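S.K.: Sequence order for the protein chains is A and B.
In terms of the numbering used here, the first sequence opens at residue 1 and continues consecutively.
In terms of the numbering used here, the second sequence opens at residue 1 and continues consecutively.
Note that these hints are calculated values from the structure, not bench results.
Each computed DMTMM-like pair below joins lysine to aspartate or glutamate, with the alpha-carbon atoms no more than 20 Å apart:
hint, chain 1, residue 1, chain 2, residue 2
1, A, Lys349, B, Glu121
2, B, Lys270, A, Glu384
3, A, Lys270, B, Glu384
The model shown is predicted, which means the values in this text are computed figures rather than measured ones.
There are 2 protein chains.
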Amino acid sequence: MSVTIPRGFRAAGVAAGLKSSGGADVALVVNDGPDAGVAGVFTTNRVKAAPVLWSQQVVQGGVVRAVVLNSGGANACTGPGGFQDTHATAEHTAAALTSVSPRLILGAGEVAVCSTGLIGERLPMPKLLPGVRSAIKSLSRDGGAAAAEAIMTTDTRPKTTVARGSGWTVGGMAKGSGMLAPGMATMLCVLTTDAVAGPAVLDEALRAATRVTFDRVDSDGCMSTNDTVLLLASGASGIEPTAAELTAAVTAACHDLAQQLVSDAEGATKEVAIEVMNAADEDDAVEVGRTVARNNLVKTALFGNDPNWGRILAAVGTTAAAFDPDEVDVAVNGVWVCRRGAGAEDRSKVDLTGRGVTIRIDLHAGTSAATIWTNDLSHAYVHENSAYST
Amino acid sequence: MSVTIPRGFRAAGVAAGLKSSGGADVALVVNDGPDAGVAGVFTTNRVKAAPVLWSQQVVQGGVVRAVVLNSGGANACTGPGGFQDTHATAEHTAAALTSVSPRLILGAGEVAVCSTGLIGERLPMPKLLPGVRSAIKSLSRDGGAAAAEAIMTTDTRPKTTVARGSGWTVGGMAKGSGMLAPGMATMLCVLTTDAVAGPAVLDEALRAATRVTFDRVDSDGCMSTNDTVLLLASGASGIEPTAAELTAAVTAACHDLAQQLVSDAEGATKEVAIEVMNAADEDDAVEVGRTVARNNLVKTALFGNDPNWGRILAAVGTTAAAFDPDEVDVAVNGVWVCRRGAGAEDRSKVDLTGRGVTIRIDLHAGTSAATIWTNDLSHAYVHENSAYST
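Could you put the whole structure together from the sequences, leaning on the hints where they help?
M.R.: This is the structure:
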């Protein structure tokens, strides 16, 4: 599993003292080539962390040979000094990697940086830079698991995946108790592949994949300043899949990681799929699903095992999607508790005692569909997020 | 206080058995004239409760002589049968009032209806209609307080107000642990005045007032199917204020009731004013304030007495408002913890132990301002809303 499954990649995860827990907090992923193609998708938040501003530029350059990731600090809202810290991290990584791997002659502009943790605090560079050097020493073809552990924050378990093509693979790791955009806490994801693929194909595959996976996870409606998804291609398999094949594998990897994010969301007791059917178009389906996913009254009802379909309908009513309030059907875990906008099957038939919940909303307005994945709103969510920075 | 302070109004509140608690649950407000002018503002939710659909039509008719309100059931998402129940309630009220008050000859089309409670359940008409008759018998010039009690749901105290003009007054009552649009639980408000005012002036005054009061309360981002604000004018003072005078008094009454809603929001431990300054225009200021007010990570941080300004900035970054992320200042309870998008004064200086919190966001993008009032997100909110219908 993880980012070192595809050929051409090494990784490491080490403890540099950024986390007060003393756990691993610096991860490094190195692409040994022969190719060094990259694609990236970043938070759409206009307040972007320094590493996001940096990595966006790096990805535009089209070549990434290393990704440095740290937990224990987001380096967001840290001003010009914070950007200089990110720059210094990339410089340091490039120089140190070049000195130990002469085959890998690289500049700072080929090093992407990702950070996650508390917003508004500068990173402790005297700890981070030695951590980078320690990670370089630990780099190995088996380092994927250690890297996945080092990027965890409130995650209770590391998240890794693999998707296999014909003679090539996609590997990946992610952290986050939420998602890309919007994101609950920060979501970071590094995907690797040994397929041969040019930057345009990589970009197309990554955007198609995130659009229907990470972008449709909406745990708490809050978008991070740091969300980043990177896809690195080494070309080490020597095999060039079609764009469709690559997209399918990248999508499968993203889907798997996205589901792991939902199942490990902060304080959640439910994993909720909101399936919107028969919408006029896909945008309507996504809007309805997302609006229901973000509704605190719906989320608290689910926490209370209460199939309160009235709150679902009230949330749908706040959207601009095409629908007739008197035509909407709603099923909770297979029981159609609402038909034509009013009560139908007995709500006591709904079993909400399990962790998985499916809400199906039939808009009767067209033929499009979309699924949004979310969580309930629990005591533990309030507890964890009211105590985060103290 | 309440709706019977202005001359020309009687009110009552009685227990009809709709609430399982046995408390008062039917309120009646009667306008004895000589005028019977009305203005109304309703939820913008597209899923509207039967009483909203009914009362919108009634208000369009321009004459309202009575308002019947019930707690213990929202009569929303109840299909054609639910609308018939509302119609029957208005018919019954008109007939029963006419029989006991021959001076008050009125039809169902002059009776507005408001309901609040659980969505998706039909009202128990065999209890409600006798309750209406009982309320008619209890009508008095002192009935305002009883009416305000009868419309409470999760409210911990009744909400009433008075605003005095020169020889005329505005009285009012409200229920709700939230607001108009959007609304946490349902917000109902009846305002009365003995001023002489035509329907156009009443409408203008009510819209101007709600725009800067109820519309800027955003307790939990959830919009109800039932939110209703009605303004009734009896003309009994014989005095016709200017439009500006009436608007000022109605705004004062709405502001007072809105603040009472915020201070009694479900499970809240904080009353939060989000003051957005130096926005490019008022819409930008409202959008920024509302977005911060709805952010669950900001709300849980406030519950934890944590001046986590990074989450505030991250929320601002998701808006389309004009601002430069490197120019934004944020103060929490007077301490400018963020200047030019980065950390400034020591966050430990912020005292969040009290109930009142002021967040000031200076966008440095213009000269407009707006304040949004909200609450924190607490364990008690989760508890109350996960247990509501069970």
